[in-house]
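Mind docking chain B on chain A? Use the hints.
Those protein sequences? They're chains A and B, same order as listed. Take the first sequence: its letter number 252 is residue 252 in my numbering, and every next letter is one higher. Take the second sequence: its letter number 340 is residue 340 in my numbering, and every next letter is one higher.
To be clear, the hints were calculated from the coordinates, so they are not data collected in a lab. These figures come from a predicted structure and were not determined experimentally. Be aware that a few hints might be false.
Said to hold, decoys possible - Derived, one-sided and incomplete: chain B residues facing chain A with beta-carbon distance under 8 Å:
1. 328
2. 369
3. 372
4. 416
As the list claims (entries may be wrong) - Beyond 12 Å from chain B on every Cβ pair, some chain A residues (computed):
5. 22
6. 131
7. 330
8. 331
Virtual Cβ for every residue (Gly too), placed ideally from N, Cα, C.
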Amino acid sequence: MFAPAPFLLKDVSVSQVMIQVCVALIPGIAAYASLVGPAILVQLVIATLAALVAEAIMLKVRGKPLALFLTDGSAIVTAWLIALTFPPLAPWWLIVTGTLFAVIVAKHLYGGLGQNPFNPAMVAFAVCIVAFPALMSQWPSVGLQLGLVEQMNIILGWAPRVDALSGATPLDAMKTALKLGEGSFDVTTLLANQDIYGNFAGRGWEWVAAGYLLGGLWLWQRKLITWHVPLAFITSMTVLSGALWLYNPSQFASPLFHLLSGGAMLGAFFIATDPVSGCTTPRGKLIFGAGCGLLAYIIRVFGGYPDGVAFAVLLMNLSAPLIDLLTQPPIFGMKEKP
Amino acid sequence: MLMNLFKFKGGVKPPTNKTQSVTLPIAQAPLPSRLVVPLHQSIGGMPQPVVQAGDKVLKGQLIGKADGWISAAVHAPTSGTVLEVAMHVQPHPSGLDALCVVIEPDGKDEWIAHGPLDYAAMTPEAVREHLQQSGVVGLGGAVFPTHGKLTASKTIPMEELVINGAECEPFITCDDLLMRERAEEVVRGIGIFRDLLLPKKVLIGIEDNKPEAAAAMRAAVQALGETFVVVQVPTLYPAGGAKQLIRVLTGKEVPASKRSTDLGVQCFNVATAYTAWRAIAHGEPVVSRLVTVTGNVHAPRNYEVLIGTPMGELLKLAQPHPDTDGIIMGGPMMGFLVPDRQVPVVKATNCLIAHDDRLFPPKAPEMPCIRCGACARACPHELQPFEMYWFSRAKNFGKTQEYNIFDCIECGCCSFVCPSRIPLVQYFRFAKSEIWAREREKNASDQAKTRFEFKQLREEREKADKAEKLAKAAAAQAAKKAAEAAAAAAESSAAPVADTASAPTVTTSTDAPSATTMEATAGPRAAPENDVKRATIEAAMARAKAQREAAQPKNTENLTPEQQKAAADIEARRVSAHLIEPEPVAPAPASEKPE
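Bound conformation, chain A alone (with noise of 0.2 Å):
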C-alpha cells in the first residue's frame, strides 16, 4: 500500500472551482435574462452543450477518462462566458462555431486542461468577431420585447433577422455616432437618450454589469481569486478613461460608462482572473489585470471593434509568462531588509 503524505487533505476540486464559477456567474444572467428575455439561456444551454459534445469527442481522441475531465465543469464555464459574450440573438450555428474553437483548438489542441495559453472563451469571441463581423455586432434594439418561442425561431434561423436585430451595444453606438457625429453630437448629449443608455452605461446594462461584480466579489470572498486582477482592471480602466473625460468630456464618455458598458465587470472578475491562461505572481497579476483594463479601454474607444476585452485579454495572456518570470516574488528568507 502507497501512499504519500499528506494524508489529510481540504475538502477541494477542480470542479467545485468550476461549479463555484458557474454559481457566481448566475447574478449577472439573471439580470441579462431579465434585460432581453430568454433568448440568453437558449444560448447558454446550446454552447454548453456545444462544449460537453466537442470536450467528449476531444477527450476520447486524446485518450483521457472521460467521466473525470467531462465532470471537471471547465468547459461549462468555458461555454458559459461565450454565450455571455457572444450576441443573445445570434444563430445557434455562431454560438456552436465559436464554443467548437475553443473546446477544440484553444484549449484541448494545446494539451486540454491547464494548459492552454490563451483563454479559450476570448478565443472564441475574437475568431468570431473576425470572422463573422456583422452577425457580432447585430444586438437586439432596446427595448425589443420578443417571446421564446420569436426568440428560438430567430436563433434557429427559423425566422427572418428581423431589422429589430440590427441595433448595437450603447458602446459600439456611442462610438459610432461620435465618429459619424464629426463633433455634431457629444457625449453629454448622447447620454440623455435615455432610451439607450438609461441611467450610467445603457439602459439595463448596468444591472447586468452589477450583477457580474456581485458575483465577481463572492468569488473574491471564497477565496476562489484574489483581488489583484479585478482591482487592477477597475483602476487602470477608470485612470485611463476618467483622464481622458476631464480632459474632454464632450468626446469621451465617464469612467463609469465604462465600466458598467459591454464586457468590463464580466472580463474584471471572470475572464482576466482565468489562472490558467493569466498570471500567478500578485505583482504579476497587478500588470495583468492594468494592463487588461488599459487595452480594453484603448480598443474599444480607439479601435475598430464594439468592445476590447476580448482582445485586451488576449494580448495580456501572450505576455503572461514574461510577466510571471519577472515578478518572482521573494521567498522566506531572501527579502531584503526593510
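For chain B alone, coordinates are given in the frame of chain A:
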C-alpha cells in the same frame, strides 16, 4: 508579559484531532518480547556496534558507539541478551533494511550503574560530549544530534533560544502531555541549553490549542525562578516547523542557505530538553520516548515506549479497530505509512496513527494543474509550488532549483490545498533526490577525471625528468669523451674545444639539434678539422656501445627459470593493475635507464 508576535505567510488549518489522546495520562508501555534497536537513529555518522550476539547487556549500556562528531550513541533499552546484530526493515518509507541490535529482554529491566553528574563542575565541552554519549538527539522528528547544535557562533551573538512546544501536526500530543506532566524537567533541560548557548532571551513557543501545557510550563518556569518566556502562538500548521516558530517568535527568517545560529537564534524541541536533563541529572541515556498512539483505535493515549519496541505491539495497547489497514508514523501531514507492522519505534517516532479509509479517505485521481495558485498562497516558505511541479514533472531540475526547491520543507500545505489533488510534495522529493543523485554522479566522475588528469600529469612529468636526466648524462659522457679525444689529437690539431664539445650532441637523444650543431655541420670547415671530428664521433659511439653492453642489467642474468617466471608474473600483475605501462619483457637499452 506582552510580546509582539510575527506572522509567517501561508499555512493551513487541518482538523487537529488532538483531543482524543489527551484525556488519559502518560502510561508506561510494557516490556515487549523483543527489541530491535537500529544503530542509525540520528542524522550523521552511523554508530558502530560494540556488542555481538550472545552478549548480556544492561539497560542503558552502550551498544552503538558514535561515529564522528555529528553522530550520537545508541544504548540498550532494557537488560537482556543480544540475539543478533543484523539487518532489519526500518521505519522508513523506502522499506530498506539497516543494521540493528536485537535484544531479548530478561524481564528484570536492570540498569547499568549510573548516577547524577556534577553539572556545576562540568565544562561546556564535557556537557556536549556527555549529551553525545547519552544519545540525545532532536526528538521533534529531525533527530539531529543535539550536542552539535549547542555551540554558539563565534562571531554572531546568540540572541534568542527558541524552545519548540508548538506541536502543530494534527493527532500528535506527546509534547503536550510531556509539558503537562513533566514541565519542571523540561524547564531544567532548557536551562542546560541556555547555559551552553548564553542567549539574551529564551522563548518557549506553544500553540494556543494547548493551554494546559502552557500553564504547566509557566508554573515550572516561575517555580524554578527562570526568566524564560512562555508564548502561546496561533494554531496554524506548520507553526511547529523550526523556521516558522523562529519567525513567529523573533521575526527572523532563516533561509535554506543559512544556519539559524548565523542569525543569532537556535531552536530545540521540548522533549529534547527533557532527555538532556535526564542525561545530566540522572546519567540516563535516551532509551525511551513518548509516543502518541491514536487514529483508528479504541483507546488513544500517550505511552512512554522503549526504543526498539515493534510498532505493531505498541499499537495493540490502544486496541486498534479491526479495519485498520496500516500504521502512519508521525503526523498525517508529514508522516508516512510504515512498510511493516513490526518495524521498531525509534527516536524519531513521535506518533503512531492507525490508518483506515474512514479517517483518511482514499485520494481522488490526480487532475492537471490549473495554476490556481492555492499552493503558492499556502506555502509557508513563499515558494511557487506549481512552478516547481511543472519543472519537476518535466525533469527540468535546473529550473526547479531556480525556483528554490531546496527551500521546500515538505510540510505538505501545498498538497493539502490543491484542488487538482496533485501530490506536490512527492514531486518535490523526487526532484530533490534526482538532483542529489546527479550531483553524486557528477562528483564521482569529477573525482575520477581529476585522478586521471593527475596521473597523466605525473607520467608526463616523470617522462620529462627522465629525458632531462638522460640528456644531461649523455652530454656529460660526450664532453668527457671529447675532452679525451681532444687531448689525444692535441699535438697535430688545434681544433676549437667549443666545437668538439658541442658536436657530440648529435648523439644524444634530444630531437632538436642545437644551434652550434647546425653551425658545425653546415659551416665550411677545414678538412683536418672534419676528420678529427669524425674520429671523435666514431670514438664516442664506440664508447657508448661498449658502455651500453656493460650496463646490461646484471641481476637478471643468472636467474633460475622459476625466478624468471615469478618476475614475469609480477610484471604481468603490475600491468593488469595499471600500475605501469606494459613494457617489452626484454630489458630496454641501458642508455635509457639512468643509473
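Going through the hints against the structure:
1. For residue 328 of chain B, the shortest C-beta to C-beta distance to chain A is roughly 6 Å, which falls under 8 Å, so the interface hint holds.
2. Taking 8 Å as the C-beta contact cut-off toward chain A, the hint placing residue 369 of chain B at the interface holds, the least distance being around 5 Å.
3. For residue 372 of chain B, the interface hint holds, since its Cβ comes within 8 Å of a Cβ in chain A; the closest pair sits about 5 Å apart.
4. Taking 8 Å as the C-beta cut-off, the interface hint given for residue 416 of chain B holds, the closest approach to chain A being about 5 Å.
5. Consistency note on residue 22 of chain A: stated as away from chain B, and its beta-carbon is indeed over 12 Å from all of that chain's, at 15 Å minimum.
6. The claim that residue 131 of chain A is not at the interface with chain B holds, since no C-beta of that chain comes within 12 Å of its own (minimum 29 Å).
7. Its beta-carbon lying about 7 Å from the closest one in chain B, residue 330 of chain A breaks the requirement of being farther than 12 Å from that chain.
8. The Cβ of residue 331 of chain A does not lie farther than 12 Å from every Cβ of chain B; its closest approach is about 5 Å, which violates its non-interface assignment.
Checked against the numbered hints given earlier, this structure breaks hints 7, 8; the rest are met.
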